[in-house]
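J.: Protein chains in written order, with my numbering: chain A, 114 to 450; chain B, 114 to 450; chain C, 114 to 450.
Worth flagging that the hints you see were computed from the coordinates, not collected in a lab. Think of the CB as a built atom: it goes at the ideal place given N, C-alpha and C, for glycine as much as any other residue. Keep in mind that the hints are not guaranteed to be accurate.
A short, non-exhaustive set of chain B residues, derived as facing chain A with CB atoms under 10 Å [what the hints assert, rightly or not]:
hint, residue
1, Tyr195
2, His251
3, Pro286
4, Asp318
Stretch-level coverage of chain B by chain A, calculated; a stretch enters the list once three of its residues show a Cβ under 8 Å from a Cβ in chain A [stated by the list, open to error]:
hint, stretch
5, 359-369
6, 410-422
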Amino acid sequence: MAWTLAEIAKHVGGVVHGDEAYQVESFATLENAANNQISFLANLKYRKFLTSTVAGAVIVNAEALDSVPNNAIVVDDPYVAYAKAARLLNPVRVHSPGIASSAVINESSSIHSSASIGAQVVIESGVVIEENVVIGPHCIIMSGSKIGAGTRLTANITLCEGVQIGQRCTLHPGVVIGADGFGIANDGGKWIKVPQVGSVKIGDDVEIGANTTIDRGAIEDTIIGQGVKLDNQIQIGHNTIVGDHTVIAGCVGIAGSTTIGKYCVIGGGVGIGGHLSIADNVLLTGMTMVTKSINSAGSYSSGIPAEPTALWHKSVIRYRQMDKLVAKVKELEAKLS
Amino acid sequence: MAWTLAEIAKHVGGVVHGDEAYQVESFATLENAANNQISFLANLKYRKFLTSTVAGAVIVNAEALDSVPNNAIVVDDPYVAYAKAARLLNPVRVHSPGIASSAVINESSSIHSSASIGAQVVIESGVVIEENVVIGPHCIIMSGSKIGAGTRLTANITLCEGVQIGQRCTLHPGVVIGADGFGIANDGGKWIKVPQVGSVKIGDDVEIGANTTIDRGAIEDTIIGQGVKLDNQIQIGHNTIVGDHTVIAGCVGIAGSTTIGKYCVIGGGVGIGGHLSIADNVLLTGMTMVTKSINSAGSYSSGIPAEPTALWHKSVIRYRQMDKLVAKVKELEAKLS
Amino acid sequence: MAWTLAEIAKHVGGVVHGDEAYQVESFATLENAANNQISFLANLKYRKFLTSTVAGAVIVNAEALDSVPNNAIVVDDPYVAYAKAARLLNPVRVHSPGIASSAVINESSSIHSSASIGAQVVIESGVVIEENVVIGPHCIIMSGSKIGAGTRLTANITLCEGVQIGQRCTLHPGVVIGADGFGIANDGGKWIKVPQVGSVKIGDDVEIGANTTIDRGAIEDTIIGQGVKLDNQIQIGHNTIVGDHTVIAGCVGIAGSTTIGKYCVIGGGVGIGGHLSIADNVLLTGMTMVTKSINSAGSYSSGIPAEPTALWHKSVIRYRQMDKLVAKVKELEAKLS
Numbered sequence: 114m115a116w117t118l119a120e121i122a123k124h125v126g127g128v129v130h131g132d133e134a135y136q137v138e139s140f141a142t143l144e145n146a147a148n149n150q151i152s153f154l155a156n157l158k159y160r161k162f163l164t165s166t167v168a169g170a171v172i173v174n175a176e177a178l179d180s181v182p183n184n185a186i187v188v189d190d191p192y193v194a195y196a197k198a199a200r201l202l203n204p205v206r207v208h209s210p211g212i213a214s215s216a217v218i219n220e221s222s223s224i225h226s227s228a229s230i231g232a233q234v235v236i237e238s239g240v241v242i243e244e245n246v247v248i249g250p251h252c253i254i255m256s257g258s259k260i261g262a263g264t265r266l267t268a269n270i271t272l273c274e275g276v277q278i279g280q281r282c283t284l285h286p287g288v289v290i291g292a293d294g295f296g297i298a299n300d301g302g303k304w305i306k307v308p309q310v311g312s313v314k315i316g317d318d319v320e321i322g323a324n325t326t327i328d329r330g331a332i333e334d335t336i337i338g339q340g341v342k343l344d345n346q347i348q349i350g351h352n353t354i355v356g357d358h359t360v361i362a363g364c365v366g367i368a369g370s371t372t373i374g375k376y377c378v379i380g381g382g383v384g385i386g387g388h389l390s391i392a393d394n395v396l397l398t399g400m401t402m403v404t405k406s407i408n409s410a411g412s413y414s415s416g417i418p419a420e421p422t423a424l425w426h427k428s429v430i431r432y433r434q435m436d437k438l439v440a441k442v443k444e445l446e447a448k449l450s
Numbered sequence: 114m115a116w117t118l119a120e121i122a123k124h125v126g127g128v129v130h131g132d133e134a135y136q137v138e139s140f141a142t143l144e145n146a147a148n149n150q151i152s153f154l155a156n157l158k159y160r161k162f163l164t165s166t167v168a169g170a171v172i173v174n175a176e177a178l179d180s181v182p183n184n185a186i187v188v189d190d191p192y193v194a195y196a197k198a199a200r201l202l203n204p205v206r207v208h209s210p211g212i213a214s215s216a217v218i219n220e221s222s223s224i225h226s227s228a229s230i231g232a233q234v235v236i237e238s239g240v241v242i243e244e245n246v247v248i249g250p251h252c253i254i255m256s257g258s259k260i261g262a263g264t265r266l267t268a269n270i271t272l273c274e275g276v277q278i279g280q281r282c283t284l285h286p287g288v289v290i291g292a293d294g295f296g297i298a299n300d301g302g303k304w305i306k307v308p309q310v311g312s313v314k315i316g317d318d319v320e321i322g323a324n325t326t327i328d329r330g331a332i333e334d335t336i337i338g339q340g341v342k343l344d345n346q347i348q349i350g351h352n353t354i355v356g357d358h359t360v361i362a363g364c365v366g367i368a369g370s371t372t373i374g375k376y377c378v379i380g381g382g383v384g385i386g387g388h389l390s391i392a393d394n395v396l397l398t399g400m401t402m403v404t405k406s407i408n409s410a411g412s413y414s415s416g417i418p419a420e421p422t423a424l425w426h427k428s429v430i431r432y433r434q435m436d437k438l439v440a441k442v443k444e445l446e447a448k449l450s
Numbered sequence: 114m115a116w117t118l119a120e121i122a123k124h125v126g127g128v129v130h131g132d133e134a135y136q137v138e139s140f141a142t143l144e145n146a147a148n149n150q151i152s153f154l155a156n157l158k159y160r161k162f163l164t165s166t167v168a169g170a171v172i173v174n175a176e177a178l179d180s181v182p183n184n185a186i187v188v189d190d191p192y193v194a195y196a197k198a199a200r201l202l203n204p205v206r207v208h209s210p211g212i213a214s215s216a217v218i219n220e221s222s223s224i225h226s227s228a229s230i231g232a233q234v235v236i237e238s239g240v241v242i243e244e245n246v247v248i249g250p251h252c253i254i255m256s257g258s259k260i261g262a263g264t265r266l267t268a269n270i271t272l273c274e275g276v277q278i279g280q281r282c283t284l285h286p287g288v289v290i291g292a293d294g295f296g297i298a299n300d301g302g303k304w305i306k307v308p309q310v311g312s313v314k315i316g317d318d319v320e321i322g323a324n325t326t327i328d329r330g331a332i333e334d335t336i337i338g339q340g341v342k343l344d345n346q347i348q349i350g351h352n353t354i355v356g357d358h359t360v361i362a363g364c365v366g367i368a369g370s371t372t373i374g375k376y377c378v379i380g381g382g383v384g385i386g387g388h389l390s391i392a393d394n395v396l397l398t399g400m401t402m403v404t405k406s407i408n409s410a411g412s413y414s415s416g417i418p419a420e421p422t423a424l425w426h427k428s429v430i431r432y433r434q435m436d437k438l439v440a441k442v443k444e445l446e447a448k449l450s
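So here's chain A without its partners, still in its complex pose:
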């Protein structure tokens, strides 16, 4: 199937420079595109490939237009336009409604007739599944959970008891929502379990990446806000709250009872301690270690980037000697005055 540049420009709110009737079939990178493909320039690292691209068309902003060798679609934000155009060219996979014969469904659950329930899904008692929900193969939905309209669980996802998922969410394989939080109390040297009685409540338009885990609350619920986007292998502790439209990259760990604000952007591998509060609009760069609350918007960082191992050995020694160095400088100051 092919789309004209006019159709694509209309869909993304852009203006064609060149042949409006030119047809493209799919997206490609500037470097590898053929002339029946469309590309885009968003990250300036790839600008060097623009003038030589053989893509049939390129989505650019006005500034880059002069360097486009073929047709262009000019927009304000080429990355957003690419996202929208790519969806036009690659519609979401449609799943037929119905329940696979190998699924095991408790009869007390309510499943909308438009929902699609895949092979070997297990749905326990009292579950509510709204219209157009897609539950892929091998998912487990435990008692009392509720899944909002248009949400898709791709495959092999476990929702524990009483988990609530909003509308239009996408959960990827291996996700576990609502497993017990890590609550233990030391009873004379022996650790005893603190029952985890809360659950997890997830807003609308949330995406959750593969093998990410979100624990149920100890008393009240763990809460993921509207429009939150979570990458793979994130761990979110019990009773943590993630504010609306916050984005978290892969391998982030957030301990329990921490509140993350709205519109935050958290880089990969960040660790955030428990019982903290992070303001709205906070950016944390990759691998940052957060041990105290952050009360103002802005960008925060920690960690020391890689250096050759021989230098690193020296640096670590210098780091360990900082105390001595400070003492020496004090001594010098005393001598001088």
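Got chain A sorted already, so can you dock chains B and C onto it with the hints?
T.: Relative to the frame of chain A, chains B and C by itself:
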């Protein structure tokens, strides 16, 4: 269902101050409790909510008693008492014995009649499942594994060949026990596999969080001691030994052939190298990097907490210049003497 | 079953010193071996156990031969010889060909008659499974995927649409290949999804550890080269390329669109940013933070190892004061000149 304060106090070994016949139905936080609920004060961060709570009762230690606005149950350790009372108010979910018709069970396995085997469970040959074990939906128990009495595998857990789990353990969804350790040898530039012939042996009263992985030993077994508590997304390498009653928070990685002592507490995101030894009673704060053995009990740390990104850029430059700084100070010293 | 030292020496290309007809049944560590077992010395940390071992034979290099108390097999690389001998003594588990009755297979898929398809496997449309492939219980193979000859998916693995796996690979439980990459675009404050239209292509002889995730590409494919070995809980972002024969330890996170060279060795817990390039033959020690491209072969590191917490508190303060210290030293220099 409701419990009197007298019943709860008896269960936790506390003393009621106020109305012994007062009834509560569930736990809530100090901040959000209603008067038919009970709360507790353990973390002093939440003391500010004590005087204004409308909870029907609060579990406190003697020191905080005067600030309780309503009924109180006084105990030595409010967190332990909360854990015990919460279990009283929220009994463990009971699973009916029997084997789901969709489970696939090898007939050479021995399953106690009191065990509960959930939907689409797979049990291979020579498996032994003791009394009152609960195997939730989609678990896989490979050949020769053994699961001790009273243990619960919640759902979607994989035990590979010959894994032994003790009594009264709880494993959460996505856990993988006994996958091959990461053993490779470089045979003239090409990596060849070292067969992983050991297995994994897990003690009694162990809890293992969602998506945690514990690899099988190369030759001998990987061993998790009695009463160990593991949070989510922990990785434990082959032939590592975790001592009794050690507690490990989420996202910790422990390489192979390392021995962790007893009663250790390991914070989230810690990394521990291979072939090391960690003494008993070691505390590691979050994100600590352990590259050498730790031979004495005590608290250890590393990592630099977050700062505003602009300052961080400066700090990294300063860090890189430490060598020059030391040289300068030496020069000054020479000049002065 | 037992093997003579002559048989083992022949298999590993070594020379027996002692009784060639001596028989051993299995491997053990130097410390714990019995006299019907064989051991090896590769890591010098364990040399202290050599002279007192009761192992019936030990695989060593020529240098250590004199210290072997019993029979020896002398080789150039004892670890490689151990790997090969351990495979001889522990042959790979054989799986009978055929399709389990509980598997759900789309009839448009092509499954070689020598393949073994386990219990409750789901295979969607247009899948190609070559000879001698083993698909363990609960695996999900989505539409259009292809699995090369001799590859084994142990259990509970999810391959999303169009994933291609080479020959002789081993994937461990919980692995997810081809879930959507983390592509989002900010459309006026609201995050919208960037469709992830590429897939994942994995070479021959690749091993992938438990709960590791490899995302599908946004436009083109994510690529894992020939002979790559990945440990557990690794996250590989969309459009990342991992070069042939590179080895990555557990808990590593690699962001999207990064290219890792050939023959790299990446330690546990390393984090690598997006859109970077890492040269061939780069070694990264554990927990290193990579924020820039690395253009030359060699060893790179970062991170500060653990110290007692009281010292760490001081170190962090000193680190924060480096700027002041530099200023002071400048002042002293000015005074002195």
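J.: Enumerate the violated hints, using their earlier numbering and listing them in ascending order.
T.: Checked against the structure, no hint fails, so every one of them is satisfied.
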